[in-house]
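Here is what each chain is made of, one letter per residue.
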Amino acid sequence: MGSPSLLAVSSQLLPAREQMAFTLGFHIVLASMGVAFPAITLLANYRGLRRGDETALTLAQRWSKVMAVLFAVGAVTGTVLSFEFGLLWPGLMKRYGEMFGIGFAIEGLFFFTEAIFIAIYIYGWKRLRPWPHFWTGVPAVIAGIGGALSVVSANSWLNQPAGFKAAADGHVISVQPLDVIFNRATPYEVPHMVLAAYMVAGFLIASVYAVGMLRGRHDRYHRLGFLIPFTVAAIATPLQLFVGDTAARAIAKDQPVKFAAMEYVQSTQTHAPEYLGGIYHNGKVTGGIRIPGLDSLLVGFSTDTKVTGWNSVAPKDRPPSPTLLHLAFDAMVGIGSLLLLLGAWLAFSWWRRRELPRTIWFLRAAAVAGVGAVVALECGWIVTEVGRQPWTVYRLLRTENAVTGATGIWFSLAVVLVLYTALGVATVIALRAMARRWREGDAEDDEVPYGPPAGALP
Amino acid sequence: MSTVVAVELWLGVTLYAVLGGADFGAGFWDLVAGGAERGARPRALIDRAISPVWEANHVWLIFILVVLWTGFPAAFAAIGSTLFVPLALAALGIVLRGSGFALRHVAGSLGVRRVLGAAFALSSVLTPLFMGTVVGAVASGRVPANGSGDRLTSWCNGMSLLVGVLSVATCAYVAATFLIADARRAGDAELERYFRRRAIGAAVVAGALAAAGLVVLHDDARYVYHGLTSGALGLVIVSAVCGAGAVAMLLRGDAVWARPLAVGAVVAVVWGWGVAQRPYLLPTSLKIDAGAAPHATLVALVIVLGVAVLVIGPAMALLFTLHQRSVLDD
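Chains as they are written, first to last, in my numbering: chain A, 1 to 458; chain B, 1001 to 1330.
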């Protein structure tokens, strides 16, 4: 052992993980928009048609144009992930592609459906009759949710692999597809992500209009543009906290070492304390608030509940950096709780006065809620993915055995970093340019490819 | 069952080659349309032609990748390992093509649109080029089942590069025959002639490259060459006849028949390749049945195909019909 080839493999492990993390972290924001934005747009569209509300129709039409851009960028960044499974993780695909791929195959169907109907919806505003046009958007909403369900079930399979028999050498000899799709982690991981998508899309879109109102644009257009997505997100948030709480308890059982790192549980114990914040170093937690017994209480509804510590497995089987996992977990839960309060604030004000809260602080909070939801989403993925390390397939395949033997991943990582940064900046600039044109009133400027002077068009 | 899934995979490849290929080819014609003023009209037509459909067409690529890695995991891992470079470059091209196209619609200034448009057009050429080298590498047996093929010479060689260039030419050819019909629908006789000339040119180039490919295959890829000249000979002939017929129709000015004939030529080549390398998935190291996933996974993939035929088929037909009736105009 210790041969050069082994060294070569491990030298690619870090950049490969970084590239996967970065491209997935980028795509997941766009994917969330792809899952939830059509529903939010259709709500505005429905209101517009039902009540003859021109403002709502304008919002729906403009949102569908934004959606077109985000959906396109999301489609290509999602394709990159499919390539990366082969480029970065051939060891995973070779051994477990026949299970890992089943969810993706079903997702392919949903994505197909969504791509087709979203195109009809986006380009059908002018020539389709209003209600049929509305209904062409509905399959996209259903397909968005279905796609998220199936692709996240593939991820949950990595956390709780099931549904197959392997020979002594690890070669898979038989597969039970339904058990692969409905593995132990599916019931909590899948709804967690769908709700996250609705929260991210809702708070993010609403934050745009919150900023507009902070800049003095207190018209009905901005109020409605804020209220529709915000309401969707505010309804998803309490459900999300319930699902997330259930998920954490399930992880304590299904992946105890991941949970131990999330909660700083070093050795198996009853009356385990809960840490809010804090940094772990050399066996000690510094900073943060320590609440005795609370972790046990949260896991089993009693302080006598025994919580497994990470000392229960050998150091090489523990995830790296408990601090990263713990702080990411705390940040996700903390932001989620704040968003719950924000939603409750609006609900209270609406119940009393049918109006947004009067203080400017509500709008300020709503303006950062969008970014907050995105941060919480990223933290959640850090917890689930980094927390599973050193395993790619939990307890079956170590990440160092999944990674490619190809060299030069540092280079491809650098290219990806530059390209995606440029892509993110270009997307934001393009969306802002659209918004500016809409504000300046030439709402229906024709979208022509680059180059042609106005008169030359046929 | 593994053969059924291999056929499913090839169906995906065929649809992507024709539909996705036409979108890439449209990008090629955008690239060579000349300066802003001169290229304005063809570019506007290209833009209208592919805007509502390119994403749906692109999904066939994802279909191919997923069926390959689920149905034939070992082949996917081997291709990913050996052909890391062209696949990474193709992925890069896909990002630039899609985002460049989507963003140039909405970007503010002319300068930004130009840069984004250039990214779209250039990557529309480079992506099929690199994908073609992947096909060339697989067909010429340069991807061994254990994935240990040379990371550079497996795709950077005369044979693979020739297939790369051939795929660019084929995309351009199919796209031009499609764009003739789009120009006719737009009532633009001049653009119709414009794309007819280009379709003929691209057809001649693609035909010459395909013929050259056969010669190179003879020296370089004996297994597939043998297959093409025996079991798949019929398909090779069909492809040649369709290709020649399409050119004849184009010369006569009959665009209605040129299109199915052009498509037929491409379809016959794709299936000729598949039949020629039977029973291998990776000639000559991995056979289809040896590299296949367990039975239940294959059944799941066939069910997915069945659902696709029942659901995606009609949906796609609706999209194309609406598009061709100019209902999906912005």
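Heads up, some of the hints might be wrong.
Said to hold, decoys possible - In silico SDA-like cross-links for lysine to any residue, where the CA-CA straight-line distance does not exceed 25 Å:
id : chain 1 : residue 1 : chain 2 : residue 2
1  : A       : Lys126    : B       : Tyr1223
2  : A       : Lys65     : B       : Leu1161
3  : A       : Lys65     : B       : Val1112
4  : A       : Lys65     : B       : Val1115
5  : A       : Lys316    : A       : Glu54
6  : A       : Lys65     : A       : Lys316
7  : B       : Lys1287   : B       : Gly1274
8  : A       : Lys165    : A       : Val425
9  : A       : Lys165    : B       : Val1004
10 : B       : Lys1287   : B       : Leu1235
11 : A       : Lys65     : A       : Pro130
12 : A       : Lys65     : B       : Ala1290
13 : B       : Lys1287   : A       : Ser82
14 : A       : Lys306    : A       : Gln160
15 : A       : Lys253    : A       : Ile173
16 : B       : Lys1287   : A       : Lys306
17 : A       : Lys165    : A       : Gln389
18 : A       : Lys65     : B       : Gly1274
19 : A       : Lys165    : A       : Leu239
20 : A       : Lys65     : A       : Leu49
21 : B       : Lys1287   : A       : Gln389
22 : A       : Lys126    : B       : Thr1321
23 : A       : Lys165    : B       : Lys1287
24 : A       : Lys165    : B       : Ala1290
25 : A       : Lys165    : B       : Thr1003
26 : A       : Lys284    : A       : Leu298
If you are wondering where the hints come from, they were derived from the structure by calculation, not from laboratory data.
Each hint, compared with the structure:
1. A:Lys126 / B:Tyr1223: Violated, at roughly 54 Å.
2. A:Lys65 / B:Leu1161: The hint is violated at about 39 Å.
3. A:Lys65 / B:Val1112: holds, 19 Å
4. A:Lys65 / B:Val1115: holds, 21 Å
5. A:Lys316 / A:Glu54: With a Cα-Cα distance of about 61 Å, the restraint between lysine 316 of chain A and glutamate 54 of chain A is violated, given a limit of 25 Å.
6. A:Lys65 / A:Lys316: Status violated; Cα separation ~49 Å.
7. B:Lys1287 / B:Gly1274: holds, 12 Å
8. A:Lys165 / A:Val425: Since the Cα atoms of lysine 165 of chain A and valine 425 of chain A sit roughly 47 Å apart, the hinted pair is violated (cutoff 25 Å).
9. A:Lys165 / B:Val1004: holds, 23 Å
10. B:Lys1287 / B:Leu1235: holds, 22 Å
11. A:Lys65 / A:Pro130: holds, 17 Å
12. A:Lys65 / B:Ala1290: With a Cα-Cα distance of about 48 Å, the restraint between lysine 65 of chain A and alanine 1290 of chain B is violated, given a limit of 25 Å.
13. B:Lys1287 / A:Ser82: Satisfied, since the Cα-Cα distance of roughly 24 Å is no more than 25 Å.
14. A:Lys306 / A:Gln160: Satisfied, since the Cα-Cα distance of roughly 22 Å is no more than 25 Å.
15. A:Lys253 / A:Ile173: violated, 28 Å
16. B:Lys1287 / A:Lys306: With a Cα-Cα distance of about 52 Å, the restraint between lysine 1287 of chain B and lysine 306 of chain A is violated, given a limit of 25 Å.
17. A:Lys165 / A:Gln389: holds, 23 Å
18. A:Lys65 / B:Gly1274: violated, 41 Å
19. A:Lys165 / A:Leu239: violated, 36 Å
20. A:Lys65 / A:Leu49: holds, 18 Å
21. B:Lys1287 / A:Gln389: violated, 35 Å
22. A:Lys126 / B:Thr1321: OK: lysine 126 of chain A and threonine 1321 of chain B at ~16 Å, within 25 Å.
23. A:Lys165 / B:Lys1287: Holds, at about 23 Å.
24. A:Lys165 / B:Ala1290: holds, 18 Å
25. A:Lys165 / B:Thr1003: Holds: lysine 165 of chain A and threonine 1003 of chain B sit about 23 Å apart, inside 25 Å.
26. A:Lys284 / A:Leu298: Holds - the C-alpha atoms of leucine 298 of chain A and lysine 284 of chain A are around 22 Å apart, at most 25 Å.
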